[in-house]
Amino acid sequence: MEKPLRNRVSGNIPAKPVHAIIRKASLKVAVIYLLLGGAWILFSDRILLWYFEEPDLLTRVQTVKGWFFVSATALLLAFLVSRYMRQAYREDALLEEIISHIPIYVFWKDTKGRYLGCNQRFASVAGVGNRENIVGKTDYDLTWRKEDAEPIRSNDFMVMRTGKPLLDVEENQLQADGKVATFLTSRVPLKGDSDEALGVLGICSDISRRKREEEEIRESRDRAEAIVDAALDAIVEMDEAGSVIGWNKRAEEIFGRSAGEMPGRPLAATLIPERYRAAHEKGLRRFLETGEGPILDRRIQVSALHRDGHEVPVELAVTATRRHGAYCFTAFIEDITERKRGEKALRESRKRFRDLVERINDWVWEVDRDGVYTYASPRVRDLLGYEPKEMIGRTPFDFMPEPEAQRVMVAFRDLKEKRQAFSALENTNLHKDGHLVVLETSGVPFFDEKGNLLGYRGVDRDITERKQAEETLRESDRMKTEFVRTVAHEFRTPLTSIQGFSELLLTREDLPAEQRREFLSYIHQRAIALAGIVSDLLDIARIEEGHALPLTTETCTIREIFDQLGVFLQATASQQRVEISLAGEDASLVVDKPKLGQVLENIVSNALKFSAEDSPVKIRGAMEGEFYRVSVTDRGIGMTSEQLKKVFDKFYRADASQTAIEGVGLGMSIVRNIVEAHDGRIEVDSEPGQGTTVSFTLPREATGHQHKDGKVQN
Amino acid sequence: MKKILIVEDQTDVLKLLSMVLRAEDRQIFLAEKGEDALCIARESRPDVILMDVMLPGEVDGYQATRALKTDPATAGCAIIIMTAKVQEQDRIDAFEAGADDYLGKPFDLADLKSKVEKFLG
Chain A
1 MEKPLRNRVS GNIPAKPVHA IIRKASLKVA VIYLLLGGAW ILFSDRILLW
51 YFEEPDLLTR VQTVKGWFFV SATALLLAFL VSRYMRQAYR EDALLEEIIS
101 HIPIYVFWKD TKGRYLGCNQ RFASVAGVGN RENIVGKTDY DLTWRKEDAE
151 PIRSNDFMVM RTGKPLLDVE ENQLQADGKV ATFLTSRVPL KGDSDEALGV
201 LGICSDISRR KREEEEIRES RDRAEAIVDA ALDAIVEMDE AGSVIGWNKR
251 AEEIFGRSAG EMPGRPLAAT LIPERYRAAH EKGLRRFLET GEGPILDRRI
301 QVSALHRDGH EVPVELAVTA TRRHGAYCFT AFIEDITERK RGEKALRESR
351 KRFRDLVERI NDWVWEVDRD GVYTYASPRV RDLLGYEPKE MIGRTPFDFM
401 PEPEAQRVMV AFRDLKEKRQ AFSALENTNL HKDGHLVVLE TSGVPFFDEK
451 GNLLGYRGVD RDITERKQAE ETLRESDRMK TEFVRTVAHE FRTPLTSIQG
501 FSELLLTRED LPAEQRREFL SYIHQRAIAL AGIVSDLLDI ARIEEGHALP
551 LTTETCTIRE IFDQLGVFLQ ATASQQRVEI SLAGEDASLV VDKPKLGQVL
601 ENIVSNALKF SAEDSPVKIR GAMEGEFYRV SVTDRGIGMT SEQLKKVFDK
651 FYRADASQTA IEGVGLGMSI VRNIVEAHDG RIEVDSEPGQ GTTVSFTLPR
701 EATGHQHKDG KVQN
Chain B
715 MKKILIVEDQ TDVLKLLSMV LRAEDRQIFL AEKGEDALCI ARESRPDVIL
765 MDVMLPGEVD GYQATRALKT DPATAGCAII IMTAKVQEQD RIDAFEAGAD
815 DYLGKPFDLA DLKSKVEKFL G
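Sequence order for the protein chains is A and B.
Take the first sequence: its letter number 696 is residue 696 in this note's numbering, and every next letter is one higher.
Take the second sequence: its letter number 111 is residue 825 in this note's numbering, and every next letter is one higher.
So that you can see chain A by itself, here it is in the shape it has in the complex (with noise of 0.2 Å):
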């Protein structure tokens, strides 16, 4: 539409050819016509002067033949310049039919900028009703806005004053009924014969409409762009030569570069990285020539590089289109980071409950609501002796001996009803080489969305070795408080006389020295057991703190250790029940000398005590090795093998009943601690109603252990 009307307004038929081919006809008309004349007045003549030879009548004859010729003329001549006349007339009319109807505008103006005419359409836009009414107005008159007019006037002036068509010039002006159209215009300059100009020809059409469609078109555009501007999803676009073609907000977001630079770079080179770059390559020639493409509308996990070099992971989806006759690829990705961290942040998390679980000393269960495991970290092997496979499907009960699973039984069911948790709920079960454990259960309630019950989630801790501990506590505490009670009364006993004794002293001053004498070592001797009492105590505490009995040893003979005895069964007035029979009386030892004086005073005093005022005590001495082994025997009451097993512990007393029988009940525990010092040891062997015998055995040469200064050596 558009090239026809250029071609014809710019198709400029020069003036003067025409003028020459009018002049030119014109004369070859008359020419004719004077050669037609003269030929007819020559022969018409000829014939004439051959008829009429009278002069008279032939001059009356050649005058009718002259109205005849003159009448023909006429009418010829009135014939045609009706019909020239006609024709013109009926061009005209077409062409004006012509501009009035054809859907543009067109008008025409003087070099003064004031119209000459213009078509009944473009009139109706300007306002002013019927065409000619234009005639002399300029563009000042005419509806549309002073600053609309000025370009309008600026560009005919420019088309006259250079005489070159300006074409295709959008102006807007506001029309009659009250609208902005826009007019796309061009114009030719009229010219006179001499190429003055005359004037300037305007042909405009109305492109408002196409405007408002283009203008259209753009903002769905601009829509279209925002929304993927806005999407979650970053939107990569890419051509057949694998350059960037499209790159939205969120892409500028994940990859840090700006959809400013992008277009046109190489996508490979700019966003994959480039252990992946052969193969994207690959991929997209093979779908080019192949049409195959695995990867595409799938989403897939890959890295992908941003700007500053690091590598984001990212999860894509591609998919390809035709635009223009060429695929473009179209790529929604995204930034799955923050899932990755997630995903791995959990992994990490489970494997941290999981090594938690699987590492602590408690054994970690689940069950459901009935109370069946679904759940046993591998600890259980260690506290019941069963592989947590051996578990599921089974109860707690199931490993708890009568009456204890009942108990239990009743206690769960009483906190599921309840929905409760509970703490360090103590139970018995049986492990599965048979011996008692004692565990501590802790559980708490888990449900599902709704609430219901699922079951329990908790932990077992073996305390067996605890109840023991608070039993052997329970024991020690009890032994503690009897050995008080017994301290208080061995320290009762020699205070008695010492008391009674001192007193009688001070209040009769008649007794007779000798008799006062003897009251003061009854005194005396007293005050030296209660010292002994005091100092057992101290070497227990002392070994109570983990410290070994400090020894000062020297070099003595067997004789000189045997011989601190002899005071002892002195006091005791025993010496007849006690045989004794030692090997190497001479040999020597390097020992704690008043330490192992204390050792056998002990000892013998127990045999002494412990049997029959006639039974013999027998005490041997022999060389045993590297050894020397002292025993001591006796055929007295004899201990259980409960009895015997409790020797040692310090604060035992044979029997607590036995009141009879004296003692702290350190004894036994502060022997031992002295033959250990020595690095010797200690047995005792004893049968109920039979007799006890101890032994003990010293080494032969010193080791390290003993010290000559007496340092206390761990």
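Source of the hints: derived by calculation from the structure; they are not laboratory data.
Take these hints with a grain of salt, some might be off.
30 Å max Cα-Cα, derived DSS-like pairs, lysine-lysine [said to hold, decoys possible]:
#1 A:Lys609 x B:Lys747
#2 A:Lys432 x A:Lys450
#3 A:Lys609 x B:Lys729
#4 B:Lys716 x A:Lys618
#5 B:Lys832 x B:Lys783
#6 B:Lys829 x B:Lys716
#7 A:Lys480 x A:Lys646
#8 A:Lys249 x A:Lys282
#9 A:Lys389 x A:Lys340
If you're wondering where the values come from, they're calculated on a predicted model, not measured in any experiment.
For chain A, the structure is supplied; the task is to place chain B on it using the hints.
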């Protein structure tokens, strides 16, 4: 002539007691074991018996006391239990065994004398 029986296994304490309680109008009997004490008591029917609890042999002070108090022949003897065990429970045990009085060790000599003299009248 008042008769006093002292049952005590510690020789020095026995000596101390006999020293303190000796008087012109009194006869003192000594025993070191529960069995001996029972024999002497049955033979001589002492007015007061000072009875130690912890005694060697089969019979301790409580058992001896119980035996003497259940025997009509000796039920009239006043028995003073004498012991180094001075817990409340020991005191109760003493009276449950049938003792007439209780003397904790160690003791004041005056205390001892007044308790004995109370039963001697």
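Quick rundown of the hints versus the structure:
no., hint, verdict
1, A:Lys609 x B:Lys747, "holds (15 Å)"
2, A:Lys432 x A:Lys450, "violated (39 Å)"
3, A:Lys609 x B:Lys729, "holds (23 Å)"
4, B:Lys716 x A:Lys618, "violated (47 Å)"
5, B:Lys832 x B:Lys783, "holds (19 Å)"
6, B:Lys829 x B:Lys716, "holds (15 Å)"
7, A:Lys480 x A:Lys646, "holds (14 Å)"
8, A:Lys249 x A:Lys282, "holds (29 Å)"
9, A:Lys389 x A:Lys340, "violated (33 Å)"
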